[in-house]
Structure formats: structure tokens, C-alpha cells
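Peer 1: Letter by letter, the chains look like this.
2 protein chains.
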Amino acid sequence: MAAAQLTTDALAEKHRSTLDQALDTIRTRAYWSPHPEHPKAYGENGSLDAAAGLDAYKSLLDRRFELDQPGTDGWTGGEISPYGPALGVEYPHADIDVLLPAMRAGMAAWRDAGAEVRALVCLEILARISARTHEFAHAVMHTSGQAFMMAFQAGGPHAQDRGLEAVAYAYAEQTRTPGSADWSKPQGKRDPLELAKSFTPVARGVALMIGCNTFPTWNGYPGLFASLATGNPVLVKPHPRAVLPLALTVRVAREVLAEAGFDPNLVALAVERPGEGIAKTLAVRPEIRIIDYTGSTAFGEWLETHARQAQVYTEKAGVNTVVVDSTDDYKGMLSNLAFSLSLYSGQMCTTPQNLLIPRDGITTDAGPKSYDEVVTDLAAAVGGLLGDDARANALLGALVNPDVKARLEAAAGLGEVALASREVPNPDFPDAVVRTPVIVKLDGSKPDDEAAYFSECFGPVSFAVSVDSTTDALELLRRTVREKGAMTVGAYTTSADTERAVEEVCLEESAQLSLNLTGGVYVNQTAAFSDFHGSGGNPAANAALCDSAFVANRFRVVEVRRQA
Amino acid sequence: MAAAQLTTDALAEKHRSTLDQALDTIRTRAYWSPHPEHPKAYGENGSLDAAAGLDAYKSLLDRRFELDQPGTDGWTGGEISPYGPALGVEYPHADIDVLLPAMRAGMAAWRDAGAEVRALVCLEILARISARTHEFAHAVMHTSGQAFMMAFQAGGPHAQDRGLEAVAYAYAEQTRTPGSADWSKPQGKRDPLELAKSFTPVARGVALMIGCNTFPTWNGYPGLFASLATGNPVLVKPHPRAVLPLALTVRVAREVLAEAGFDPNLVALAVERPGEGIAKTLAVRPEIRIIDYTGSTAFGEWLETHARQAQVYTEKAGVNTVVVDSTDDYKGMLSNLAFSLSLYSGQMCTTPQNLLIPRDGITTDAGPKSYDEVVTDLAAAVGGLLGDDARANALLGALVNPDVKARLEAAAGLGEVALASREVPNPDFPDAVVRTPVIVKLDGSKPDDEAAYFSECFGPVSFAVSVDSTTDALELLRRTVREKGAMTVGAYTTSADTERAVEEVCLEESAQLSLNLTGGVYVNQTAAFSDFHGSGGNPAANAALCDSAFVANRFRVVEVRRQA
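Sequence lines, in order, name chains D and C. Counting in this note's numbering, the first sequence tops out at residue 564, every number present. Counting in this note's numbering, the second sequence tops out at residue 1128, every number present.
Bear in mind the hints are in silico, worked out from the structure with no lab data behind them. Every value quoted in this text rests on a predicted model; they were computed, and no experiment measured them. Possibly wrong hints are sitting among the right ones.
Unchecked claim - Far from chain D by the CB rule (all over 10 Å, computed), these chain C residues:
| id | residue |
| --- | --- |
| 1 | L583 |
| 2 | A650 |
| 3 | P665 |
Claimed, not checked - Think about it this way: if two alpha-carbon atoms lie no more than 25 Å apart in a straight line, the pair counts; the simulated SDA-like pairs of lysine to any residue are:
| id | chain 1 | residue 1 | chain 2 | residue 2 |
| --- | --- | --- | --- | --- |
| 4 | D | K446 | D | E456 |
| 5 | D | K40 | C | S1059 |
| 6 | C | K895 | D | R391 |
| 7 | C | K753 | D | R391 |
By construction, the Cβ of each residue, glycine as well, lies at the ideal position given by its N, Cα and C atoms.
Excised from the complex, chain D in its bound form:
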């Protein structure tokens, strides 16, 4: 290995205070982020501004994406933007029998570097990604279908925050045991027994990160950085429709590793040929000891069942519920819910699906409202929010794939349509499939309707489910979380008793609860360093982003003891 261009001192000078702030914030859970949310914050100190970011993105298109990985046996790729254009990027295809052993070659040096250096290198990777946030934003937009501003924020600073959070947890966890200890056990009048002990965090092996289509960076970075910071090489297997943001990530990581004097093959990319299904092959390889996955319940459960040689962290599907009992800010509730249902066309694992509303109506600051009134008013709120095409495009983004469109179209047949979906033309991208959400009325007491609301309908579809009472709503909430899982639960109530009751359901069923949100925070958004994403305690996910359980088993501690 050539002499490192990035010295430990330089890395510490640049990043140690950021790491310390992250370590402090995961304990206080106050607001903090080192990654600016506003596009105009970029363009200085070596970061790309809007124009440079767009240019950088464009320069990636219609060519090969070189990575100089071992074992490249061909080129593959075929991403088509949900906004229409084919990206035309080809990625190296890996012979995993060559790549996997090569990824292990640098493990000992990466281990010997220690937890702090690993953390600092990860922070340098994140800093370089941050500087290219405008470039990443376009890559995320044209793979996920997110509108530009969301792709910028969720795919940029928010994803980087989640990566940094994972690094902080990984560092904290690895340094809980000291590097060495002197142990002296008294033996009465005899000399004490004395041992010198050393404790070294060691990696499990190669980690596989299986990316998703909708949030390639946001959902990918926690696992990627948690594994890398704990000493494991990481093989990144993107969703075939959302390769580019993760390929860029891998390229940056490899550059930084090499500059810091480590083997760049500690991070590598595995892109599959059409229909190759490489995730299944990789997942059961003996070298793969950790898997992070975001995606369908079916494949998540397949991984949990079959990848027995690995620690498997999955985020799968769930059915998110909002209990509507009463409110002292009817208008705020409606506008808050309208935004949550609309953002990214409901294509978030955290978007509410079932709105449980008593059939006898609710009390509000605007007087009693019947079930029908609530649904009608919500439909009007969504309609108003998305009435302007420019605003609708900016909020909705594009449907990520034809399956979502098919589900949306089928949803209208499931019950009485309270708000019909409409096509929104996109002047910049005429081929984009942009749709407003549909709201369908269902009856919580009808078994036929249960088939619809009791399974995930991913996309811009929500169900206004009439229930006999709030008590009935809480029982349905409990059953939904227990059997189907949930990433989020929301509730609106002015009753302290109901608030306690919904909290109790969420505590017992392990679901994250947002109460009475009527302003600028939405049930489907979580903030790194403060909010947990998922609980890891219900069927929607077996891990939370991010807690120590997410990092503690990615490494083991080897003790060497010597007679002193």
C-alpha cells in the first residue's frame, strides 16, 4: 500500500469534533445535523453548487461507470428514470468468486487501524458525499422518482445524517470495552493473580447491503456505514432500478479508503444482470456474515430464513395506521395528514395507509364532524394541496415503477372513492407518471373490506376506515401492528385517556407513535440522532435505525490475556 495521503492526524483535525457532537446528540436526542438541508448552502469549500452538481450528474450518463474493482467480468445496467429518460449507465459486473476474496484482503489492516480511525475515514467518505449532494440529488431523483427537493434532502443530508449516526453508534459500541486492562485478583496472604488483557473489536466478515428502489442512500447508508465502521468490508448490491446513487457512494468510499492507506476493495459494488437475482446467491455465500436489506416482506423473510450464516437486518413492509379520535386543531390535522399522504406519492415505508375514524364522527375545535365530513374534508385538503400542478409535481414526484401504478388503479375498485387520483402533467419530463393519491372509504366491520386495509398497498393509496369507536380503532391498531407490522403510528386525540390508551398499544406492540401532529412535522419523517426509524419489535422491521442493537453484533471483541 502506498503511503497514506490522508493521515490520521488530518482526519482527526477535520472530523473528530463532528464525531463527538454526533456521540453527544445520540445521547441527548436533541436536534442537530452537520449536513445543510438548503440547496443554496452548497457551492463553497469544495462542494458543488446546483449547476456544477447537475453537470456532474450529466457527465455520468450514457457511459461506463468505472470502478477498477477486481473480478470485473463484463458490464451491465439499464436504469430508466421514473421521469422518463434512460440513464444509459453501465456498471462493472463482478465475478464474486474473485471479488469476495479480494474484499477480505484488507480486513486485517482495517481492523488494526482501530475504531477511531475507521470512524474518521467513514466521516471523510460522508463529507465527500456531502460536498456532492447536488450530484447525488439528481441521481436519487432519477432512480427513485422523488421530486428534486426531496431527492436532495432525503437522499442527501438526511441520508448522510443517518450514515453518520450509524458511525457514531458503531464507535461508541466498540469503545465501551477498553483496549487493555490490568487485572489483579487478591489471594489473601499470597500474591495476587495478575493478568494483562487486551480487547480488540474484530469484524464478522463481508457485509452485504441490499439497496432499495425508493431510498437508495437513506435506507442504505445506515447498514453500509455501521458495517464499515465496525471493520467489515461492505459489498453494495443496489436495486437494479436504483444503482447510480450507490455506485457513486462506492466510488467515493474507495477513493477515500485508498487515500487513507487502506485497501479500496473494502467497499465494492455488485450490480446484477437483468434477471440474475444475485442477491439470493450472495446472501448465502459463506463469506457474507452481515446483511442489510430494505424491501419486500417476502424477500426479507427469505433472507431471515435462509441466510443463516449472517446477521440479517431487515426493513420490510408494514401497514401504518392513524387513529383519528378528536382534535383541537381540525384544520391543522387535515393539512398535516394531507401532506403526509401526498409526499412522494405515498411511496414511503412510513406513509400512513389506514385512517381509522369512528363512524359516529369525532369532536373538533370546529364542532363535531361526522365520518363522512372528516373524509370529505381530508379529500378537500389533499385536493387543495395538490391543486396546483407545479406544487403537485414538487411534492409527489413520479411513481417509481409500474407496480405502484397498477395498485393505485386497482385501489379505486376496493370501495367508495372519496378522492380520485388524477394525472399531473410534468412539463419538464413528459414521460413521468405523476399521480395524486386516492382515498377510498372502507368499513372496518366488513370482512370484505378487511382484505383491502389489512395488507400493505404501497403507493398513493389510503383507506378511510370507519370503526365503531375509538376503542374499536385501538383494537384494530393493535391487531394491525402485531400481525402486519408498522413503521409508524399516528393518533389525534384531545382525551388524556385515549392518549394513554394509544400509547399503551404502541408500547405493548412496539410501534413508534406520533401524537397530534398539526404543524410542520409529519408522521412519515424521522430525524437522525433523535428519532428512531422503526422499532425492530414488530413485523415491519427486525431492526431500528439506529440503536446499539443495530451495531453491537456487527463485530465481536477478542480478548487476549497474558500472565502479568
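We have chain D; now place chain C onto it with these hints.
Peer 2: Quick look at chain C alone, frame taken from chain D:
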């Protein structure tokens, strides 16, 4: 629930400083224990002295062991001491369809008590067990076959230490996230977004602790207390030959829980009828969300494969190796190894099995020693250590079951016997099966011999395996750990290069290493708060005792956020 006799203040007054010391020690990993090792230290402050402990043990025999658990549908039991006598104790047999729901009833109150109160209640349980260490010692001795002093120490203070260590880790883990946080996100010129957040550790569900025959308390307490301290009810399923120590534990736990105002059914006992195989039934019940298991690889792997609804922590079998390269204290090495091979007739998961010795011999402070000399001298050291029957009985204990005796007898046919096993008469217990270890010479280059040394032969059997060189030994060590797993590795060398090489193998294969032990610390012993037991990173165990990975996933954190 009646008013608590044990108030939180009283518990804190009594135990908070012990908890703090434990929390401090798991970070420094210095020596510490609040539980005296010497039998004479007991008898004051309400603890039972030797005579009272023996009386208490005897009063348990030949009668029903009452627990007042829900769902008792009969009585069962049939423990026979490895020292001969039948214990004659009958335990309640549980209808699990009644018991499991009853165990869940107290969960909400146990959760609401919070991490500190749960820890303090666990410390009170441990303190009461500690006061009855003499009673437990007999119960452990007459179920495991350990000699009295070992049953006293390993089954008493050392087990209590491991339980306390788990409580400390559980407390530390649950308090890493604050109970509440105020979150305020600046919005430029607009008002900040503000949320009030609460974070509550919540249990996963009922935990099942499946006990083992040889160390019912030592191997059982970490899982039991880790689960209880993190809010989970614990169902204790003892090995059918080692029920009494865990039945006593359950009784004490239920007493303390009730006195502290909690539901005693948070801890319950499940004893099986002969041949009932209740562990398999319980392990896949949906109520069971955590399993701790110590025992055979076959059943451990069955649990890992089938109990998919639960977090499964297993300690299974491994093949422990000692690499003998060179030493500057030949006599010390021999006596240290002789003790390790003899203690509890090698019936420890940490006992060395394979001694890898270069066929060209080793260098020592007493001059060069050939392979044959090393083996002969080690045999003589074991023979000398166990030459006196009284001392032999005190070190060896009794063979725990007929399978161990059968393996011992078969081992003599596997190769040239360097040290034959001998029967040791036990004057106090004429029916006890007491045997000294056998040492068998095998050739590391012969495939036929590999069948013997490359699988676990649990009991007083070790193999002196000749190898071509230390390099050869390290490759065999690596392969053994990787394929068969290891709880411990030992090595003797005066070469800094060899030391580094063996460390590298252990770091790469995730095995705990003891180097050049020649005094009063043995490779098969670990100390709570300082040493890790197992690594959780090789096939011998998927968890280490005790680290945060062992506790962090036994609970989840539920966040409730409200607009501020």
C-alpha cells in the same frame, strides 16, 4: 397487588452502589466481585453458614417443591445425583396454555417500573441467592457432579457475578437513550419546529431460558437476568437432570418480585415429564420472543433454525485447542495444563481438548523436549496432581452422566494412551463415578486420527496431537475454530513472532486467547466483569457472556413524539 414491602428507596439504598460499581467495572474490566468466594465468608448478615446451608438443602429433598404457579397440572421430577442418591424432589408441571398468558399479565407494570427499579429488583434477587450460596452449592453439586468447592464457587459467587454483570449491561443499555428529549429544529426566520419526545424501553415478550446439566446457574443466570432486567418475563426450563438449582432461583425471584409489588409470575419454572421434550414445544410458541440455550450443537442449531419468532442466544459445542510451541516455564506450563485438564473431569465447555505439539519437540527453560517427552511429562503432571484420592475427588467431581463415561472409555481406543484414566473411589459417595482424564496421542497428519481430534469429545479426554511445526499447528487451530468453533484457545510460546501469529489467528477467527498461563489462572476459567466467555463469532456460540450485543436486542425502544 398489595403494597410493596420492598420500596424503591430501600432497594436503592441497598443496591445502587453495587450497580454503580458493576457499571464501572464492565468499563475498566479490572478485578471486582461483591460475592465472596470463600465458604467461611458466609453465616453473617442473614446468610447461611455451611451447616445451615446443608440443612436447607436436605430439607428440600424427598418432597414436593411448591411454587404456587398458575396452571400447575401435576408434579414431575426424577433427578439422581451424579454422586449416587436420588434427590426425590417433585416440581410443579405447567400447563403452558395457562402459564404463558399469566406470565404476560405483569409485563406493563414491570415495564413502567423503569430500568433502574428492574435492575435493583434483580440485585435483590441475586443478594438473596448469595445469602443461600451454601444451599445452592449442594444443589449444584448434586445435579452437575461438580465437587463441592467448585459447585460452591462456580455455582455460587461466580454465577451470581455473571448474573450481576448481565444486569449491569442491561441497565447501561436501556439508559443510553434518555427518557425524554426536547427537539427544536431551526426554520430560518420562521418559528422552529418543536417536539417533545419520550423514549421507553419495552420488552420483547416472554423469554425462555433453557438450562444445562453441568452449570445450571453459571450458564443460566446471564440470560435469565438479562431478559428480566430488560422487562421480559422469564420462563426457566431446566435440564431434567439439573432442576433444583434453577427451581430455587425461580422461587427466590418470585418472592422478591412479589415483595417489591410486582407479579411473581414474571419468573416461572417449566419442568418436563420424562421424555416430554418440552423445550421444542416452548421454543416455537408465539409468546416466546427470546431464548437462551446452553447445550448440544444439534439442539442449538435446531433452535436457531426453527425458533424464528425469537431472538436466540446459544452456547453450543466447540473444540478447544492449546498450541504448545515453546516455554520459559516448563514446569509451570505442565502444572497449569494438568489442572485445566483435570478440573471437573474436563466437563467444561472451556476445557482444552487438543494439545498441538510439534513432532520435533519444543524448546523450554529445561532444555529441548521431544513430543514424546512433553506428552509423558504432562501425563506425569496430571498423574501427580491426581495421585491423592482426596485431592482427586476435590478436583474432579463426578462424571455428570453415562454418556461422558462411555466417551471416556471409547477414547482409549482412538490412539496410543499416554495417560490412562483411573477410577477414583469416593468414600462419601460410593456410587459416584469419578475418573481421572485420559490423554491419547494422535498424529495430526493422519486422516484417521483427524476424525477423533476434529470433533468435540466432551469429558475427561484430551488429545496430544503431533504436528509438523507450529505453523502447521496454527493452520489446524484456524481450521478447528472456523469449522468446529472454540470457547477457548491457549498457547505457549517464547517467540514474539509466534505470539503475534497465534493472536492473528484468534483475531481473524474470533476466538478468546490465553497466552503462557503457568500460574493460578487457567484457560478454562473466566472472570465476570473482565473476561468474555466465548466470542459469539465462531461456531461454538452465537453470543458472548456478557457484552451489549447480549442485551441490546432483548428490548426495543418505543418513541412517542408530540408537538410541543
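Peer 1: Does each hint hold? Answer for all of them.
Peer 2: Cross-check of the supplied hints:
For C:L583, the shortest C-beta to C-beta distance to chain D comes to about 17 Å, beyond the 10 Å cut-off, and the non-interface label holds. With 10 Å as the threshold on Cβ separation, the claim that C:A650 sits away from chain D holds: the shortest Cβ distance comes to roughly 38 Å. The claim that C:P665 is not at the interface with chain D holds, since no C-beta of that chain comes within 10 Å of its own (minimum 14 Å). Between the alpha carbons of D:K446 and D:E456 the distance comes to roughly 18 Å, so the proposed pair stays at or under 25 Å and holds.
Between D:K40 and C:S1059 the CA atoms are separated by roughly 61 Å; this puts the pair beyond 25 Å, and the hint is violated. For the hint linking C:K895 to D:R391, the alpha-carbon distance of about 84 Å lies beyond 25 Å, and the restraint is violated. Only pairs whose Cα atoms come within 25 Å are accepted, and C:K753 paired with D:R391 is accepted, the gap being roughly 22 Å.
Checked against the numbered hints given earlier, this structure breaks hints 5, 6; the rest are met.
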